[in-house]
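K.L.:
Chains as they are written, first to last, in the working numbering: chain F, -13 to 237; chain Y, -13 to 237.
The set of hints was computed from the structure by calculation and includes no laboratory data. Predicted model only: the values in this text are computed from it and were never measured. Just so it is clear, CB atoms sit at the ideal spot from N, CA and C, and this is done for glycine as well. One or more of the hints may lead you astray.
[Stated by the list, open to error] Simulated coverage check for chain F against chain Y, where a stretch passes if three residues somewhere in it have a Cβ under 8 Å from a Cβ of chain Y:
#	stretch
1	50 to 64
2	88 to 94
3	124 to 135
4	158 to 171
Number of protein chains: 2
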Amino acid sequence: MPEFPSSRTRLYVDQPLAVGEVIALTEAQFHQLKTVQRLATGAILGLFDGVNGGFLAELRLEKKSAVAVVTSQSQILEPLGELTLLFAPIKSARFDFLVEKATELGVTRLRPVLTDRTQGDRVNVRRLRETVREAAEQCGRVELPRVDEPEKLVRILEGWNQADALYLCAEAGAALPLHRASKPGRGAVLIGPEGGFSPVEFARLRSLPFVVPVSLGPRILRAETAAIAALACWQAIEGDWQSRPDTQGEA
Amino acid sequence: MPEFPSSRTRLYVDQPLAVGEVIALTEAQFHQLKTVQRLATGAILGLFDGVNGGFLAELRLEKKSAVAVVTSQSQILEPLGELTLLFAPIKSARFDFLVEKATELGVTRLRPVLTDRTQGDRVNVRRLRETVREAAEQCGRVELPRVDEPEKLVRILEGWNQADALYLCAEAGAALPLHRASKPGRGAVLIGPEGGFSPVEFARLRSLPFVVPVSLGPRILRAETAAIAALACWQAIEGDWQSRPDTQGEA
């Protein structure tokens, strides 16, 4: 059993993987492996396609391109418990950080939410997906969280499956601490925008039977802090923190 | 009861506060209040000195300076449960982020730790304290976490109070999830450097009776993610997440 996580390079590839396949790497991957990481032909990579699990592959470098020959399967894709983060987009650096952390913490779906006070309606979903991919490569996941197009809060609430709790990280008002309010099943955490929900939104949310207001302690947390704290607690109590394998980073 | 946190400007001042005192604000504070926030004479500020609790004060702007006249006390300083974060310094932007989040999550002491694989021995403690102050102003604390000078891991372990658990966020090996391993009392969370602890350090840590290895789930977390997740869970289970007041941000 290795005492430390392997530092093997892991790459997401956008095509189905199977043993024996020869995978053409992208120009960006070629550059990363050859110039930045200075890997040579024969280096072992971890690959995953988001569907078939994790694989080991051997790098073959050409002058201006690279392929990876898939040699063995190293990890089965086990479906994660569903955990959705619904969040109003925030300022850029903090937003990237939030998305990276949410991916590391095992969310399976990211839903950008447009609220009355959302700053900047234009969410760069492409960049969001890029951040998600990089974080998944880094943290050992073999699937990618789904990233939705931004949607208005009212629409999301109208279409909500009433059987699923929606944990509202409440800035004020009566609320139980998350770890006492949560219940098993699908998890969904809703974080408001930096200026908070509007009074109309807040009243609407509090009137809905599936919305469970939860508290994250006595301090005023920034949106991304609240999201990360809530996701960590949910995973600890209801999610997959019980299930860490003894070895890590093998694909 | 206000439904939303007040957006009142809060400032830390480096002198004892009491009702009736006239506090000379710094040039940076003057600039912030007048030019950035465009406040006028008569605006109500929240002030705290880290010792005497929270106060309300009235701003008086002059041409090139400002004072705040303390009008009332709004918050008592209640001692927080002790929660220490011991962390190996990491790259700059992630480091600032970690320190900000740790402050928001209520750590009372930050101890930079020098390990065998610590990148960059020179920790900018002054900048660290600045980040802590800003985060405390923003999140509604009326005291500041203590920030230690960097110290070597071996020294810290030698001087450790054996009665206090030190939760080691373990990258691999046997470990209980944090929320099942934790116990009431003083909390202390240790996060390794980006390259992990050296094998010698890791063996040493695992041999010490007060070191409690804890798991943070099946994924490989970046150092700052691990720290934030661990602190949030500790506060939820053993710390002050039970004690959120119904109103917030009043000083």
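K.L.:
With reference to the structure, classify each hint as holding or not holding.
P.N.:
Evaluation of the provided hints:
With 0 residues having a beta carbon nearer than 8 Å to a beta carbon of chain Y, the stretch 50 to 64 of chain F misses the requirement of three or more and the stated coverage is violated. Counting residues of the stretch 88 to 94 of chain F whose CB lies closer than 8 Å to any CB of chain Y gives 3, so the stated coverage by that chain holds, three being the minimum. For the stretch 124 to 135 of chain F, the stated coverage by chain Y holds: 4 residues have a C-beta nearer than 8 Å to a C-beta of that chain, and at least 3 were required. Taking a C-beta to C-beta cut-off of 8 Å, the stretch 158 to 171 of chain F contributes 7 residues in contact with chain Y, enough for the three needed, and the coverage statement holds.
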